Amino acid sequence: MATQADSLDGLLQQGKVWQATRPVMPQAESVSSGYPELDEMLPGRGWQPGELVELLYDREGSGELRMVLPALAALCRREEDLAGKKGWLLWVDPPHIPYAPALAEAGIDLSRILVVRSNSRRDRLWCLEQALKSGCCSAVLGWLPAGQENAVRRLQLAASESATSAFLFRPEACRSQSSAAPCRILLQSRQQGSDITLLKRRGGWPQPARRLLLGEEQILPAVTPVVARPQPQPVQLRRVK
Amino acid sequence: MTVHKSSEAPLVAGAPSPSASLPSSESGGSLREPLWLCLHFPLLALEALQQDEGAAALLDHSGQRLALCNGRALAAGLEAGLASATAYSICPPLQLFKPQPERSRQQLENLALWAGNFSAQISPLPPDSLLLELGSMLHYFGGLECFNQQLNRQLLRLGYRVQRASGHTPLAAQLLARAGHPVLLQGREAHMQQLKQLSVSQLELKPRLAAQLQGMGIRQLGDLLALPREALVNRFSPPLLEYLDRLSGARPDPQPPYQFPPQFERRQEFNREIGSSQALLFPLKPLLEALQGYLRHQGLQALRLQLQLDYRDGAGPSLELGHSGGASAASDWLELCRLRLESLTLQQAVLGLRLRVVQFRELEATPSDLFSQRRGDSDPDQLFSRLRIRLGEQAVQPLALAADHRPEYGWSTDCTANVKLSSRHQGRPGWLLKQPQRIETALVKQRLTIIKGPERICGGWWDQQAVRRDYYVARWPDGRLGWLFRDDRDGWYLHGWYG
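Protein chains in written order, with the numbering used here: chain S, 1 to 241; chain H, 242 to 740.
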């Protein structure tokens, strides 16, 4: 018995066994998501560079950008402090135009953004992998359709090699598929805020859904909810003299 | 200077390029000892022509007999002087080449450019040797040992057979290298020791003089030097004395330095037609190595290269390659070339290529961060160039603000404009649709909840793209937030998502 206990202690000391009672320590490198409630749910109190984050959502507008923008802004600020060579924020095949005014308002340094429009799935994966491997991107954002488990595995490897922050945006249909991403988050828009479900996280159980506003309060007027529906009037054309 | 970790940067970080400044000779209190390095490429005439690894030999001018054999041919039992028919019967896969002095001359010039990596003063010794002034460079390389390591690495990449030797005078280095003595020493005495062991036949004297010396029983240079000077004056013509003085350093022996051209433009012809674009990388490699040496020597970086291919029936495609931050390392450019050539389909077989630098940039000192957290080895500009070359210039775009009230013109890909964030940019959605999407008025009235607005945006009367809209934020039944507008014809459009 004693030897068994010893070997278990040994394993625990080596960090090969994780105890559910022991929370994952916040790491110096982690990047705050900008939402305290979300940070609490994430292992290490924020996004971990080098860990691929998979964000699953149904359609654009579910809060997927608002979820990552504060972290991107934090990455910009951090590197300014370190005075290091500036890394790119690379957007690979976003579904719409990333709207510069909104990004700038969120505090992101626009000069570091690169938007890539690839012609094929192969080029898209190549581009993501190159960017992650090179280690000269602060963050890489990619949009991938369902399937492609192998590709996700490769991207996770590349991200962990270079310790780059990586976000993959994928349709909700991927929820039931297996994925090599260490962190998977489901995002569902609701009538107020969005439901966030941690499907998978390193060193922790999956978590039940939590409702977060994700910055909605800044978009919307202070008085919510609106009870009476305003009846908008058409624009009156007036002749200018 | 930028030091690329991926390549063997010959200079210590922060050191100027070889030609930029030479250390004053007074440094350290004593005069610097002269030191020269000779690189002798015995098979250059053959290696300039051969494109693969097989057994090969060069014919003499009559075209009947072998003049030079490479390692494989020697191993097969061939030797210089054999008749070509005999050689074929001994080694059937043998490739025979006719001498092309012009090609070897070009290769030697490429090598002289490449040697710009190592020395500020380079003198080609046609047909097959290079002389590098080394004494002033050792300080930058951190000693002879470090220099030798870097030289070895680069020579290995070039793939030429080479014999090298140092010397306290140009002639000493040259003789030792040609004799195949791999000497790398410092100091006059050490070199003289080595020189004394050279046989008279290795001194490259006139045949009559060499025979005369041998007839006198003088076998080695040591024997000759041991003779009293007066006796030599009496017995031999003055040129021999002059030769010995140049060898020992008693008489100056100025070497005409190679003049680096103001433009970099090199041609390379192939012996065989090349049909696949990837195979073009092999002949391209030595040119890029030469480019690296040229750029390091001149203290420049290349921003744009032009690669012109020659088809069998005339001019082929001309490819432009750019590096956004400027690069000098051959490995960086080779990678960009590889990406560019991957997407190229050759219409015909290629017979030659020409490499030209379209745009240079002065080398700038960039501080490298000792404590940087980031792992990975390439720099941001390199990634940018790689993506652009593989996907096309239009596929990789920066993002910037634009000074326009109309949402579709509120952003641009021109980062030089430098527009500051202002009130007209506030409260905008993260996604903008490429085209506003028409939505049914009934849908807006019945199913969407308008929660903010209207915000009137008018503008564009100045460029015929007039816009007169009321913008609203609305919540869709499934909870998503959209940005929509009503135009002056009472039509509703979706223009963005609060992603």
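Just so you know, the hints here were simulated from the structure itself, not pulled from any lab data. As the structure is a computational prediction, the values presented were derived from the model and not from experiment. There could be a bad hint or two in this list.
Unchecked claim - These stretches of chain H come out as covered by chain S in the derived footprint (C-beta under 8 Å, 3 or more residues):
(1) 716 to 728
(2) 731 to 739
To be verified - Okay, the calculated beta carbon distance ranges per label pair:
(3) Leu684(H) with Glu217(S): 50 to 56 Å
(4) Pro206(S) with Arg697(H): 44 to 50 Å
(5) Ala180(S) with Arg402(H): 47 to 53 Å
The beta carbon of each residue, even a glycine, is placed where N, CA and C say it ideally should be.
Checked hints:
Figure legend: the stretch 716 to 728 of chain H, annotated as covered by chain S; annotation consistent (9 residues with Cβ-Cβ distances under 8 Å, at least 3 required). Note: the stretch 731 to 739 of chain H has 4 residues with beta-carbon separation from chain S under 8 Å; the three-residue rule is met and the coverage holds. A beta carbon spacing of about 26 Å between Leu684(H) and Glu217(S) contradicts the range 50 to 56 Å that was offered as a hint. Distance hint check for Pro206(S) and Arg697(H): the Cβ-Cβ separation is about 47 Å, which falls inside the suggested range of 44 to 50 Å.
Between Ala180(S) and Arg402(H) the CB atoms are about 48 Å apart, so this pair conforms to the stated range of 47 to 53 Å.
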